[in-house]
Amino acid sequence: GAVVSQHPSWVICKSGTSVKIECRSLDFQATTMFWYRQFPKQSLMLMATSNEGSKATYEQGVEKDKFLINHASLTLSTLTVTSAHPEDSSFYICSARDQTGGSPLHFGNGTRLTVT
Amino acid sequence: DQQVKQNSPSLSVQEGRISILNCDYTNSMFDYFLWYKKYPAEGPTFLISISSIKDKNEDGRFTVFLNKSAKHLSLHIVPSQPGDSAVYFCAASPGGSNYKLTFGKGTLLTVNP
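Chains as they are written, first to last, in the numbering used here: chain A, 1 to 116; chain B, 1 to 113.
A couple of the hints might just be wrong.
Derived BS3-like pairs (lysine-lysine); straight-line CA-CA distance at most 25 Å [what the hints assert, rightly or not]:
(1) B:LYS54 x A:LYS41
(2) B:LYS100 x A:LYS64
(3) B:LYS100 x A:LYS66
(4) B:LYS100 x A:LYS41
(5) B:LYS54 x B:LYS100
(6) B:LYS38 x B:LYS100
(7) B:LYS38 x B:LYS5
(8) B:LYS100 x A:LYS55
(9) A:LYS20 x B:LYS100
(10) A:LYS66 x A:LYS20
(11) A:LYS14 x A:LYS55
(12) A:LYS41 x B:LYS38
(13) A:LYS20 x B:LYS54
(14) B:LYS56 x B:LYS71
(15) B:LYS5 x A:LYS41
(16) A:LYS41 x B:LYS71
Some chain A residues close to chain B (C-beta under 10 Å, calculated; not the full set) [claimed, not checked]:
(17) VAL4
(18) GLN6
(19) SER9
(20) CYS13
(21) TYR36
(22) GLN42
(23) THR49
(24) ASN109
(25) ARG112
Chain A is faced by these chain B residues, among others (derived, beta-carbon under 7 Å) [as the list claims (entries may be wrong)]:
(26) LEU34
(27) GLU42
(28) GLY43
(29) PRO44
(30) PHE46
(31) SER49
(32) PHE103
(33) GLY104
(34) LYS105
Hints are computed from structural coordinates only; laboratory data are not their basis. We put the beta carbon where it would ideally sit given N, CA and C, even for glycine.
So here's chain B without its partners, still in its complex pose:
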């Protein structure tokens, strides 16, 4: 039973446009959420996080939105750049901590020049 779901295995976006990556979760105990970016044969790199007391967190081109009632979060990248092309993983953890993460399956983002 997947507790963190990324239903889109891939997404293709034109350079300069907005990329929106979605993530749903089922475990109501999750209250800390993170996005990681991963290139092939490398470990994930932390991008941005959000705790359940917030509904938005912004860091440069990256913004994460959290809708607790819908158990849904999304990552917005604007403007998208070719270097953003990678697999993006949504992760969640319970109890206000940032460890023991449960990951989604990832979404492959391709930004076309």
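Only chain A is shown next, with the shape it has when bound in the complex:
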């Protein structure tokens, strides 16, 4: 079945540094990928929609300059958390949709980000 690979699975960084998270669709092409964030005991909240070859669409309240998204190919989207702060510590999950359609979203295993 379709697999979405997310890397790294966990990262610890110092406040003020930037962290890049990669999301790859391994056996299908995805013109659209989605980035979610999940705080403890909360639901997955959509942060942005990543579109191959064009700018990402951000949800209300998500700072586009802080969470940089690049979708340079049909199988790769990256999320960069810039100038990270402790409040950015969370579980970030990407998902991708097979562009041929007819299938639900497939999710990566997530990245646990801890900012110290």
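Keeping the supplied structure of chain A fixed, place chain B upon it in accordance with the hints.
Okay, now just chain B, sitting in the frame of chain A:
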């Protein structure tokens, strides 16, 4: 304002019995609904979905029921197995698509042997 609500944070069921997980939604534009299962430190795994033109969809031990008038759906697992123990998320999307999902907070299901 939560558009998808899972009011039970947890549910405990005996192995072999039925598990019923509930979900309510408020946005009348939602017309495609999905259930995902999630283990700790992993991403959600798709379980089953239903579109608004149906009121029931069945896949093996999993059945999803949709009551559009009540804006309510439920996931039935029968018989429940210990391996079903996980967090179950209800998700919804508008416009007949299966992307840009809005999730509930999840229900932790524990199936006791």
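Hint numbers the structure violates, sorted upward? 1, 11, 13, 20
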